[in-house]
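Chains as they are written, first to last, in our numbering: chain A, 1 to 198; chain B, 1001 to 1095; chain C, 2001 to 2564.
For the record, the hints were derived by calculation from the structure and aren't laboratory data. Note that CB positions come from ideal geometry on N, CA and C, so glycine has one too.
Here are the simulated DSS-like cross-link-like pairs (lysine-lysine), alpha carbons at most 27 Å apart as the crow flies:
id, chain 1, residue 1, chain 2, residue 2
1, A, K81, B, K1014
2, C, K2253, A, K109
3, B, K1064, B, K1014
4, C, K2203, B, K1071
5, A, K82, B, K1014
Pairwise CB distance ranges, derived in the manner of DEER restraints:
id, chain 1, residue 1, chain 2, residue 2, range
6, B, R1034, C, G2463, 53 to 63 Å
7, C, T2026, A, Y103, 50 to 60 Å
8, C, V2076, A, D123, 45 to 55 Å
9, A, G140, C, T2391, 40 to 50 Å
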Amino acid sequence: MNQSMDTTGSRTGMWLFLYTEIMLFGGLFVIYAAYYRMHTMDFIASGKELDMVMGAANTVILLISSFCVAASITAVQQERKKLACTLLSITLALGFLFLINKYFEWGHKFDLGIYPDSPAMEDSPHGRILFFSLYYTITGLHGIHIVIGMILLSVTMLFIFMDKIRADHFVFLENAGLYWHLVDLIWIFIFPLFYLIL
Amino acid sequence: MIKESESHMQSYGKLFSILLILLALTGFTVFISRVDLGSANIWVAILVASIKASFVLLYFMHLKYESFLIKSSFLATIGFLAILIGFMFWDIAFR
Amino acid sequence: MPGLIENLPTNSGDNKLENTISFYKTPSPARFTGIGAWLLTTDHKRIGLMYMAAIIFWFVVAIILGILIRTELMSVGTTLMEAETYNALFTLHGVIMIFFFVIPAIPAIFGNFLLPMQIGTDDVFFPKLNLLSWYLYMLGGVLAIFSLFADGPPDTGWTFYVPFSVSTHTNVGLTVTAAFILGMSSMLTGLNFITTLHRMRMKGMGWMQIPLFSWSLYATAWVQLLATPVLSITLLLIIFERLFGSGMFDPNKGGDPVLYQHLFWMYSHPAVYIMILPGMGVISEIIPVFSRKSIFGYKAIVLSSMAIAVAGSLVWAHHMFTSGMSDVAVFVFSFLTFVVAIPSAIKVFSWVSTMYRGSILMTPPLFLSLCFIYLFSIGGLTGLVLGAAGTNIQVHDTHFVVAHFHFVMFGGTGFAFFAALHFWWPKFFGRLYHFKTAYVAATLTTMGFMLHYIPMFVLGMQGMPRRYYDYLSQFETGNFFAGIGAYIMAAGIFLMFINLALSFKNGEKISQDPWGGSTLEWQSPCPPPLHNFVAPPTAPGYPYDFKAVIQKANEPKGTGGGPS
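So that you can see chain A by itself, here it is in the shape it has in the complex:
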């Protein structure tokens, strides 16, 4: 009855936790659906104001990072410690890159006076105000998750160094990886809904 050895159970717990994250962002997608329906034209017009190239770049960044995390699990299973750490370092670097992109994207929007409660937005159509409120809330919350995911992966790397994560015991890496993939998963939906709507 030693539950620390039951890795399936630990992973089950992690999946259950991911469900709560899905529902957390789900609440925002509920709002998106409602306001998209009410202000379709404004949403489409505002979507064009976002930089599609930046969005696509960030999508690619996250996809590659997700691949790296998945590959690092294989590497740990093959007892290739160095490769696993390299892959995780690439993931962390890509995470940073994502945040830097986001910083410039947000900064540019702020310069244009597009942010919640800004004077420049006062006379905008309602749909535009809502679109950008949602944009900031979702991408902001997503950014926080990226940071948490990076912290988790850093800890994971430390554990690999300390041999706490080994070929016969790597559930922590799996769970941290699941979290990172979820962050990617949410971005997969954010990207078309905000950057690509036409």
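Once you've looked at the hints, dock chains B and C against the given chain A.
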């Protein structure tokens, strides 16, 4: 029982081909979004995103090898979210 | 008090169960002693008891607030306090009762303590996470206390409806943060329970051998897990709205306040079932034990628990019939509301049928369970009055609603909580309380309850709105009687708590099952040892098989007829 579903090692090649598919789908969704399909655009975008998400879930997240519990409860979660969004439209769509 | 439990099948000859060291004397992890043995423990039993201390504290606070509200309402005009204070008090009463008492009470106390025992294991799956949940609960409490100062307590009602919750200058932000953190605590408890039930059932226990209380916790845990995040994000949005003016729900910026209500009730209606399902589980345990008869329709109860969890998620908008929703939505949600009544009714039928032709043994837990069935049925039936769109328009936001949900939440969950306390008190502490006092207390509470809430039904029908500080003089009689009822009820509850507390001083000590229960937790000593069982428990083929219990009771006393 304890060691179950741990031994699924995925080759780098397989993971990399999944990545290529995902990148291709990203390119496709960008392309299709520039084609005017009217109100179908958003549905196509969501469909492509769902396909991408499925690939990430099944292979990167090993959902394919997980137990029935996790598979079914994941679908239940998505179903619950769909109900929340869908049932809200009883109100939003008929106001 | 010798003699009170003469008819109960206690065994005093079983040394194995008597001479065990209880978990009170065995800290876990073993390196901690004194207060640290409690505050840093990962033992599910200690965590359950720590929850009990905290939850009863908040319960008493909320009762006192409720008494102040009813006293204020006993006569027209200013009686005790100003209108602003009144607004703050009913908000705090609601917030504390819902988030600090009703939602966590049964899962956090009894679930933590009993779920691992009922499935024959030694702890929950994530013991450290369990402790973290307790700390989150306490942190939520501290924040809620902080919110009383600075800008003053919130005055929005527990629903935090926009736009008022965004524009009011009271301390809504802190209270909302507190509720957010409590939500996390509740989610983690749910996560823990689901994993425990899936991964840690004893060998040989299939899904259809799990006791009904654990089943109800399982259904609850799914709702906690999936619905709570929706509340979390809604509350976060209120905070963003207050901090950054994001305009998500502000009509001036295109936001839709009705959408806020949708999101709020997407959690808060399923939350109603988070509150009542564990209570139903408690009753499903108590009734068969004291009827000495297998529960009627075990599978039907299991299925109805899951059905409630699912169907309960489909009806949230029946709280919004007068909010300006579309007529189609009113129609659909009204219909679905009637559907959700079915599984609850199945349970009531099952309980009553269990007692039919059983050999009933009256004890305080059974007495409280019977009160539960009666009060909960009234609450459920008046719920149908509210679920019908036509009558809802008449009584929406009147005292009828207040009476209805108190019948369900207090007459239901509250009484189930009292019944659980009386049923498992010997299990927790190895002490029996005074039965006669317990009956008196339960009767007082029920009588006070009726006198308190029945007038509110009438007042609501006559059109007295809820949450109003003052009212027309024609409502004075009803409010006066309701106030008297509140005093009687509070006296009953305090008598109940005092009686339970006194059991430590002069209650009869027991070391094993005083009731004759058939589920696994009764196979271990009272209070249980650290790893819950002395010998590995034997999994029953069916959790409500009373043959052995009846056989034991029929054996002549004093011949050392222990379980063989």
